[in-house]
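Trainee: Chain residues, written in single-letter form:
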Amino acid sequence: MSRVSKKMKYLGLGALAVALPVFLVACPTAEGGPAGDAATQTYVAPGEYDEFYAFLSGGYNGQMSVWGLPSGRMFKNIPVFSQDPESGYGYSEETKALLNTSFGPQAWDDSHHPHISQTDGDSDGRWIFINANNTPRIARIDLTTFETVETIEIPNTGGNHASSFVTSNTEYVIGATRFSIPEEMDADVPIDSYRENFGGKISFVAVDGETGRMSMDFQLRVPPYNYDLARAGKGPSADWAFFTTYNTEQAHTLLEIGASQNDKDFILAVNWRRAADAVANGQARQVPAEYYHNYYESYGGYAISDVHNDVLLLDPRDAEGILYFLPTPKSPHGVDVDPSGELIVAGGKLATVIPVHSFSRMLSAIENEEFEEIIDGIPVLRYESTIAGEVENPGLGPLHTEFDGRGNAYTSVYISSEVVKWSLETFEVLDRIESFYSIGHLMIPGGDNVNPAGKYLIGMTKTARDRFLPTGPKQAHPAQLYDISGDRMVMLSDFPTFGEPHYAQAIEASKIQPNNKRIYDLEANEHPHAIKRTQDARVEREGNVVRVYMAHLRSHQRPDNIEGIEVGDTVYFHNTNVEQDWDVLHGMAIKGMGNAEVLIAPGQTKTLKWVPTRTGIFPFYCTAFCSALHQEMQGYVRVSAQGEAPPLMWRTGDEQRVAGQ
Amino acid sequence: MYSTRLFSWLPLLLVAALVGCNGDVSDTARPAADDQAASSVELTGEVIEVEMISDPSRGELFLPSDITARQGDVLRFVLVSGVHNARFPEDRNPGATDLPDASPYLQAPGQTHDMVVTMGPGEYEFVCDPHIPLGMIGTVTVVE
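So the protein sequences, as listed, match chains A and B.
All residue numbers for the first sequence refer to our numbering, where the first residue is 1 and numbers rise by one.
All residue numbers for the second sequence refer to our numbering, where the first residue is 1 and numbers rise by one.
In short, the hints are calculated from the structure, not lab data.
Don't take each hint at face value.
[To be verified] Here are the computed distance ranges between Cβ atoms for each label pair:
1) B/VAL143 x A/ASP583: 35 to 43 Å
2) B/GLY135 x A/GLY594: 35 to 43 Å
3) A/GLU86 x B/GLU90: 32 to 40 Å
4) A/ASP583 x B/GLY135: 21 to 29 Å
5) B/GLY135 x A/GLY486: 56 to 64 Å
6) A/ALA628 x B/VAL47: 20 to 28 Å
7) B/GLU90 x A/GLN513: 52 to 60 Å
8) A/ALA628 x B/ARG76: 31 to 39 Å
9) B/GLU144 x A/GLN656: 44 to 52 Å
The beta carbon of each residue, even a glycine, is placed where N, CA and C say it ideally should be.
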């Protein structure tokens, strides 16, 4: 095998002197590949189930993919912030509203950080949240159906990157501005008035404990820095949330240089419970905003949008004891809290150590007012007062840290392209293993919560280069699975992913599988255009709007012949899958429709909008192979010239009806 | 190295293969007497045909949907149109312990499935699972 020489080539290309000893220490085998019986450790026999569900963000595809661990088998891709022609998400009339924002409907976004709802600091498997980075939003996905059911826009912010992390009982899902923008909504100001006019916002979106429904509770006014990542505390620190900042230099151009000047930036510590109390006590003020909240009000109907025009803003100058800055070297990226809730670990993109703050020392420093200065009402604590220790020689560019529940931390290190294992007790590096190539986030099932399942670790890397059979200049982003159950990390497998996964989450399958919904209950379907009996299938005209109430069942549509439609009509096919058979879907498409198909799950109603522009006979058909006679599942619509259509009629077999008769 | 791996997998593969053999098979050709539950019931030789229908004017139905039978009779489900199954659900037949196994899904027009009436005297409900809300439900009254 020639992997060694190849590896050396990439070292020469990409990295640094520090990386060399790292690799020499790291490799469990000469090939950097799996050792021993790694293949059997990831082998899940046909018909058997994986131990964990994993949810990988889609990054620039705006979606989220669902995988099994340890097999690395992909189960599903869930569309969230991007239109998905495969399922009709964002195309069907039911789902369009989920993409509404104050900037109009958004066909695309960039999703980074999935986070599973928690109870007592442990993943509970009810919902998973994910952020939209570009047009700031948070979405909620129901983990009984694996479908996006709600989105909410985060107003007066730019780049909702430090999101969508939940507090330990899912009281809140949090967000923050990555790009500070003018404080005043829609303000038209010179960009170089950054210091005078720009501001940052930390956002707290409340989550209803029963329904999961989100609502924008309040925002905190903070200096115009870049707020990068976040974590809520747990256990003793459960009332707090932590955000990394960079660009405390407040550069607005060429941040590559301008935002890398200071030796230390900050972690912002937020006592969210006191903030919420202050807001409840009327200490916040209403400021203008415009944001959309999109959700399903009923079981199986259309998603709807509420538009809100103000938001509660709390200024730290009006409420003490809520916000503190912890100086942290050097453009910190990740901030992660260990299972005990005591240690706050930062990753510095350009740092050569991993700084670890102590929550209890932070509380003492606040108590004793060990402040360096106060910025916009926010005390800056002394570094020496909060730091618990620094991990030496972690490689160059530590980013993110997760935990195994056995006293160890695992940090992804981007520039030297490795995973580094270190002790939470001694802060000494215990092991290191290379990644292929340039790791971003890493994830251990439960590795961010109070109860990690410290068996596997996944590293998600930024470039594949030679890892798989090549597919042109653009390759899929890899994920590497490591066994972390022993003293040394062992790579088990390396598989291509979907989109560009940033963060991911994983949870024991037993917390989700029993609650899985196999069908939508047809009898409970509250869609205003659903039909509950096939005999109710019909066509209705309201002016130039034609509504087709179509039943889909194996193996025909009812009706399957329609005449009396004219050019200039708008036709809505309200398609109900009247069957209740798990995983038997029907699909609907009609020639020249200028739209995507709709896929209709059992018991569901999905609406396809069609504006015919030409006369003729238009075939439609079931797009999802449903039965032995699936190919027979087809029909025709006749379109006539304006003013020349025959009476509206529809037919299925011998059953023929004319509108009004 | 390869042979070692193969041997360590072999038992797994064997088990998988054996389990796989017990999966669904089209039982149209299988004699009713092969039914496990039927083994303790003496067959009467009587065969009752029940059509399974999806029809634009009549909807989704078993025909007949109200059946009288004796223990040991055979219900012969015949697919006319659509895709259907037949099952005696436990939750619709509380207390009944001797219900026949569910049929597979029938898809080809003319395809049949024989189900032995294994239950003792009483009234029993059977359904087509995907079409319960559409009313595709039938009853069998078992008489002495």
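Trainee: Please go over all the hints and tell whether each is borne out by the structure.
Mentor: Verification of the hints:
1. Separation of B/VAL143 from A/ASP583 is about 39 Å and conforms to the stated range, judged on CB atoms against 35 to 43 Å.
2. About 38 Å separates the C-beta atoms of B/GLY135 and A/GLY594, a value consistent with the hinted range of 35 to 43 Å.
3. Between A/GLU86 and B/GLU90 the C-beta distance comes to about 38 Å, which sits within the given range of 32 to 40 Å.
4. A hinted range of 21 to 29 Å holds for the C-beta pair A/ASP583 and B/GLY135, which are about 23 Å apart.
5. Evaluation of the 56 to 64 Å hint for B/GLY135 and A/GLY486 yields a pass: the beta carbon distance comes to about 59 Å.
6. Here the CB-CB span from A/ALA628 to B/VAL47 is close to 25 Å, well matched to the stated 20 to 28 Å.
7. At about 22 Å, the CB distance of B/GLU90 to A/GLN513 disagrees with the hint of 52 to 60 Å.
8. Evaluation of the 31 to 39 Å hint for A/ALA628 and B/ARG76 yields a failure: the beta carbon distance comes to about 20 Å.
9. Distance hint check for B/GLU144 and A/GLN656: the Cβ-Cβ separation is about 48 Å, which falls inside the suggested range of 44 to 52 Å.
Consistency note: the structure conflicts with the earlier hints numbered 7, 8.
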